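Enquirer: Each chain is listed here by its residues.
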Amino acid sequence: MNDLSAAFTSAVALITNLDAELLAIIGLSLRVSLSAVALAALIGLPLGAAVALSSFPGRGVVVALLNALMGLPPVVVGLLIYLLLSRAGPLGEFGILFTPAAMVIAQTILVAPIIAALTRQVVFDLHAEYDEQLRSLQIGWWHALATLLWEGRYSLLTALLAGFGRASAEVGAVMIVGGNINHVTRVMTTTIALETSKGNLSLALGLGFVLIALIVAVNAAALALQKFAQRAHG
Amino acid sequence: MAYVQSAVPSRSIFPLDLRNVCYSKAGQSLITDITVTLQARGRTIVMGPNGAGKSLLMRLCHGLIRPSAGQVNWSSEQRHAQAMVFQTPVLLRRSAIKNVEFALRATGARARDRRELAEAALQQAGIAHLAHRQARVLSGGEKQKLALARAWSIRPQILFLDEPTAHLDPSAVYAIEQMIKSIDEQGTKIVMSTHDLSQAQRLADEVLFLHQGKLVEHAAALVFFEQPHTPAAQAFVNGELYWE
Ligand SMILES: Nc1ncnc2c1ncn2[C@@H]1O[C@H](COP(=O)(O)OP(=O)(O)OP(=O)(O)O)[C@@H](O)[C@H]1O
Ligand SMILES: [Mg+2]
Chain A
4 MNDLSAAFTS
14 AVALITNLDA
24 ELLAIIGLSL
34 RVSLSAVALA
44 ALIGLPLGAA
54 VALSSFPGRG
64 VVVALLNALM
74 GLPPVVVGLL
84 IYLLLSRAGP
94 LGEFGILFTP
104 AAMVIAQTIL
114 VAPIIAALTR
124 QVVFDLHAEY
134 DEQLRSLQIG
144 WWHALATLLW
154 EGRYSLLTAL
164 LAGFGRASAE
174 VGAVMIVGGN
184 INHVTRVMTT
194 TIALETSKGN
204 LSLALGLGFV
214 LIALIVAVNA
224 AALALQKFAQ
234 RAHG
Chain B
18 MAYVQSAVPS
28 RSIFPLDLRN
38 VCYSKAGQSL
48 ITDITVTLQA
58 RGRTIVMGPN
68 GAGKSLLMRL
78 CHGLIRPSAG
88 QVNWSSEQRH
98 AQAMVFQTPV
108 LLRRSAIKNV
118 EFALRATGAR
128 ARDRRELAEA
138 ALQQAGIAHL
148 AHRQARVLSG
158 GEKQKLALAR
168 AWSIRPQILF
178 LDEPTAHLDP
188 SAVYAIEQMI
198 KSIDEQGTKI
208 VMSTHDLSQA
218 QRLADEVLFL
228 HQGKLVEHAA
238 ALVFFEQPHT
248 PAAQAFVNGE
258 LYWE
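Taken in order, these protein sequences are the chains called A and B. Going by this note's numbering, the first sequence opens with residue 4, and the numbers climb by one from there. Going by this note's numbering, the second sequence opens with residue 18, and the numbers climb by one from there.
These aren't lab readings, by the way, just hints derived from the structure by calculation. Quick caveat: nothing in here was measured; it's all calculated off a predicted structure. Beta carbons are placed, not taken as given, at the ideal position from N, Cα and C, and that holds for glycine. Heads up, some of the hints might be wrong.
What the hints assert, rightly or not - What follows is a set of in silico ranges between Cβ atoms, one per label pair, in the way DEER data are often shown:
1. A:Trp153 / B:Gly68: 46 to 52 Å
2. A:Arg234 / B:His184: 20 to 26 Å
3. A:His146 / B:Gln104: 22 to 28 Å
4. B:Gly204 / A:Trp145: 28 to 34 Å
5. A:Val65 / B:Gln203: 44 to 50 Å
6. B:Asn67 / A:Trp145: 36 to 42 Å
Stated by the list, open to error - Where chain B lies over chain A, by a calculated footprint (3+ residues, C-beta under 8 Å):
7. 126-139
8. 226-237
If we strip away everything but chain A, and leave its shape as in the complex, we get (with noise of 0.2 Å):
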């Protein structure tokens, strides 16, 4: 108990001296999946919004393979991009492997997939309430693919939020890419689950406040930009 309660004296201080190497790690975490849901959100805005607009044979297959993989999990993600960027693996020769770039990476192929799920719900929702007015006026595809992605912000940001979530909490597949390499990969997961088994739990409670923190606000935000939304549009 003592432990615990002096873990917790020294995670609390840590935060509040804005101790460098905890600012170091979160530091990175946010550009890891800050850039990770960046990328994403360039694959999946557009990807789930053509799924949405579109009728091909096989798109019922599309739609089932989208939500599926929104349930990835991130080790088997990591694993996947571990052999591809491997010295031996078709990617070897870029050299990224155990680099931030290989977890951004990882962390995009997890993101995607939530994103044009969430997308392409948003659009198809909104397309049904638009489609013949959006013909009436002979909108083209294009421009009714964006107009629609624009009339969902609000829903889409808030799937940009989730993928956030998702990234910022994730911890197998940086940490199979990533290599957990002190000052160079090391995000708040890895270093959570690191020190805590080294036994170092100051660091790994002071992490483990500011991720959830984090995640609190990342909420808390996806709730009130729904009140905006709500009181701005009706």
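Take the given structure of chain A and dock chain B with the ligands to it, following the hints.
Expert: Chain B with the ligands alone, transformed into the frame defined by chain A:
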């Protein structure tokens, strides 16, 4: 300005010819064998009880749905020559004026003309003061006026109006009817559906009366209201229930 606001649209797309148009869904015939020709002039009012097929007929004419059989032929194909105001207005999540500008942009109106044209359209609909309000929070009547302003802003040759005054208070109904008359005077063909007999009498030059998906009467307004030929139309005009 590229667009002259009071410009009377050309009438090159007329006449509109429907030949044996049928529309069925899931084995049910919803529109049955309608043949009719609509000319460029005169306000055409589509009447009929709920479920008669008024909305379907207008969507078939406008090209939003394809007939299962028969043809809908315009004299010439031309982009942005038609517009429609739906029974439930579909407005974008942006300000009222941006909704109008969106339609203008689709027609290729130049950026610097769009604001001016949109303002003029809102002005004519009597909602200039709402230009910067979010479209989705407008009242039902204001939404209808905005949808009408948006459709009219592109100066279509024909404007389909699907019950544009349902659920509106009398002063809003009056305002919209005035606007419809003014649009007609500026050369746009009006095709409008309504249940409202007195409104039809105020606005109609000719009446298409639908019953159970069939065009049972097509007559000049005076003839239709004075001496409807079919029992269904007689009952409708007299405000009676009619069962076949
Ligand atoms: N997509 C559809 N699938 C099946 N039935 C449909 C579809 N669209 C319309 N109908 C049916 O076709 C009939 C005509 O519909 P329509 O909307 O044209 O009626 P309306 O005359 O406009 O009625 P109202 O006055 O209530 O607006 C109705 O019985 C309706 O249920
Ligand atoms: Mg209708």
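Enquirer: Each hint: holds or not?
Expert: Here's how the hints hold up against the structure:
The given range of 46 to 52 Å is broken by Trp153 (chain A) and Gly68 (chain B), whose C-beta atoms sit roughly 35 Å from each other. At about 24 Å, the CB distance of Arg234 (chain A) to His184 (chain B) agrees with the hint of 20 to 26 Å. Distance hint for His146 (chain A) and Gln104 (chain B): a CB-CB separation of about 24 Å, consistent with the stated range 22 to 28 Å. Between Gly204 (chain B) and Trp145 (chain A) the beta carbons are some 33 Å apart, a value that agrees with the proposed interval 28 to 34 Å.
Look at Val65 (chain A) against Gln203 (chain B): about 48 Å separates their beta carbons, and that is inside 44 to 50 Å. At about 38 Å, the CB distance of Asn67 (chain B) to Trp145 (chain A) agrees with the hint of 36 to 42 Å. Judged by the Cβ-Cβ criterion of 8 Å, the region 126-139 of chain A is covered by chain B as claimed, because 6 of its residues qualify and three suffice. For the region 226-237 of chain A, the assignment as covered by chain B holds, since 3 residues bring a beta-carbon within under 8 Å of that chain's beta-carbons and 3 suffice.
When held up to the earlier numbered hints, the structure conflicts with hint 1 and nothing else.
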